[in-house]
Amino acid sequence: MDSGFRIFPERGSTNAEGVDDLYFYLLLVSFVFSALIFILVITFAVKYRRRPGRERAARVTPQPALEIAWMVLPFALCLVMFVWGARLYVRIYEAPPGAMEVYVVARQWMWKLQHPEGSSEINELHVPVHRPVRLVMTSQDVIHSFYVPAFRIKQDVLPNRYTSIWFQAIQPGEYPLLCAEYCGTKHSGMTGRIVVMTDPDYERWMSEATSQGSLAAVGLQLFRGLGCSGCHTGAADARAPRLEGLFGSRVQLEGGRSVVADEAYLRESILDPRAKIVSGFQPLMPVFRGQLNEDDLIRLVAYLKSLAVREGRPDQP
Amino acid sequence: MTIPLGARVPENYLTADYRLRSWLFTTDHKRIGILYLISLTFYFFVGGFFALLMRLELVTPAGDLVQPETYNRLFTMHGVIMLFFFLVPSIPAVFGNFFLPLMIGARDVAFPRLNLASWYIFNLGGLLALASIILGGVDTGWTFYTPYSSVYSNSYVLLAAGGIFIMGFSSIITGLNFIVTTHKLRAPGLTWGRLPLFVWSLYATALIQVLATPSITIALGLIGVDRLLKVGIFDPALGGDPVLFQHLFWFYSHPAVYVMILPGMGVESELITTFSRQRPYGYAFIAGSSLAIAVLSFLVWGHHMFVAGQSVFASLIFSLLSFLVAIPSGVKVFSWTATLYKGAVSYATPMLYALGFIGLFTIGGLTGLFLATLAVDVHVTDTYFVIAHFHYIMVGGMVMAYLGAMHYWWPKMTGKRYPEAWGRLSALIVFVGFNLTFFPQFLMGYLGMPRRYHAYPPEFQIYHVLSSAGASILGVGYLLPLVYFLWSLRYGAPAGADPWDATGLEWRTPSPPPTHNFGETPVVTEAPYAYRLREDEGGSP
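Chains A and B, in that order, give the protein sequences.
So the first sequence is numbered by numbering that gives the first Met the number 0: it starts at 0 and just counts up by one.
So the second sequence is numbered by numbering that gives the first Met the number 0: it starts at 0 and just counts up by one.
These are computed hints drawn from the structure, not numbers from a lab.
Incorrect hints may appear among the rest.
Cross-link-like lysine-lysine pairs, in silico, DSBU-like; alpha carbons within 35 Å at most [said to hold, decoys possible]:
{"hint": "1", "chain 1": "A", "residue 1": "K111", "chain 2": "A", "residue 2": "K275"}
{"hint": "2", "chain 1": "A", "residue 1": "K185", "chain 2": "B", "residue 2": "K229"}
{"hint": "3", "chain 1": "A", "residue 1": "K46", "chain 2": "B", "residue 2": "K415"}
{"hint": "4", "chain 1": "B", "residue 1": "K415", "chain 2": "A", "residue 2": "K275"}
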């Protein structure tokens, strides 16, 4: 991050390249149309200015063909923008399989970033270059927004919900991380940086980072400590659904509906088990809303996700 | 002009009665328009003052002039005052009230007492908003996003939201009044196809005001319920949904954007035709595009929420619908441009504002396409790019149109002419100052400068300095008309009934108009804008 004068932001991710190409198309269309309008307005205003001997306008008959043309042609150009923009947009919400996952907890006015291996960082995220990184994010208080201008990504971070987005850095370096949704007094101080490293550098950093054990391992301890394992035994006659292989699978609910067990579902089913009851089970599980903080929830979710991997399922839905 | 001894000044709405109570209890739509003009001028300069303090703070990257708490209140109050207490009422409340009955040949609006009530309701709302400022201000942003506004903010949220809640009713009443007036009180022969384009735009605006305003009334009411009773409608800790508020808020506030710009487009159509002495290029298309914008305005609110956590599918739909708005907006700009063709263009002050409007609205509209484009919006939403875009529409468009309307109709409203040279100078200063203020914001927006930042990284400073320099020029441009309009009240030359050689019924009565508008009810026998044309040269573009 240099502080020199620039009119164009640096590109740090695969997404940035795609967005910039589209941006140039938009700029081109805008320049052509504004130049057309400005030149016509100025030309007409000068050529047909009121002057002695030319106090009145001449008759002009509107041409329907022209009027149709200036409705259809711009809209056709707009459709290109729509399709192009939509394709890129859909992509930033669909992380490729095998993406590295980082959990983000936002609160007034700091970012906490947790690697699945257990190390956590404040206002700083170290990631390897050329590897897709998927962020699973939530907030402890108000709405924040995770914004990395160099990656052209932004996603609001909501309380009581997981949102996610992914990126793949293309160059080692440091890129500013900003909060883009107004979140109170020190909103403009809620900044940090993404440190993109080469693979060897990242391995070294990771080995030096302190860790209390992986998120999933700590999650397993919580799982036992909270008594979950008493019912979720995994046995066929257990009082609670089997959790091995759950993440990413489709769950049949009471009432005939079904739902894909993603992070949001796991989170909801821990906090408020009665919201979605698995078909064939009694609603016996206690409510954990207000009992668990976001960090512990993430550990539990990470543990449940690790059960899916152990079953040989891909770690992506 | 000296008045010969014994001659009587013809009585008009200004001279009918000089007592204060005759103003405070008036039901004359023209006097109510003037009352609104006075109120809105006050709010405009209050909101402008907050903007000035913000721009001063942003000259340096460090937050060194005011505390962050103060800065957050400045941008909130700037937004609240400018949007709800200037832009939303602006042209309809002042020029709509004054000129709608005159333009359709009526004696007054359909419900004159409700009309007066709307001004009182508006000011009651304004007083609550001002009280919240004086007590210490609000720091939620004008968007009042939950759960910050409903749980976390320690500022006068209820008072400010209450002010907007109340003000909404004045907006609904004005809209209702205009709809009924347009339907029921048109002069004989004034068919829908003969209505001035300004009336069409007021009509489209009124439809939105009546149908959309209840949504924000409800949204702000629910914030009040959440804050006072801890019900938790928007509070996730109690199982509420903060994003629901955004849906309710934008279901009003996106249509409200068109409430702000549609009347400006109507003014633009009047100015371009009058000052080129030309018939509008495609009357039906221009009138129809106003209605199309009003309808589409209700279908695009989700484009404010592409990164807010709504479903990807919803975002796709809202993006596509938002691009549809480009069609009627394009029709307007192309039609105005084509109206100049073979016209007899004068460079009077209102026309300079109108030509400036075309340029700024074009830039504002085209940059709207960037924001409708999903992947680009992800990057630029909540940055200065958005700030620049909507200021190009709201200030570059609407305030230019408002000032154009002021200069155009001032002679009719007061019977006095303002100094033309000063008028042209003000148009030039506003145009230059505006572009210098807001164009750099597009650049820093794409660079990634987030909005609502009290302190910012140093690489953005050059753009902020340019922007603040422009704002000081813009401030001069806005103060100048205030001075010479007031000056002209006393020293201005008499205007005459039709100083611009315009068509339209409002010019067929003396300036200022008599209390009952017309000596006898006018009868309309021809299409609007029937300017006498040269017969020697014709053709089409």
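Are the Cα atoms of A/K46 and B/K415 separated by 35 Å or less? The given pair, whose Cα atoms are some 31 Å apart, holds under the 35 Å limit.
Taking 35 Å as the top limit, are the C-alpha atoms of B/K415 and A/K275 close enough? 72 Å, violated
Quickly compare the C-alpha distance for A/K111 and A/K275 to 35 Å and report which way the hint goes. OK: A/K111 and A/K275 at ~30 Å, within 35 Å.
Need the status of pair A/K185, B/K229: alpha-carbon distance at most 35 Å? 25 Å, holds
In summary, the one numbered hint that this structure violates is 4.
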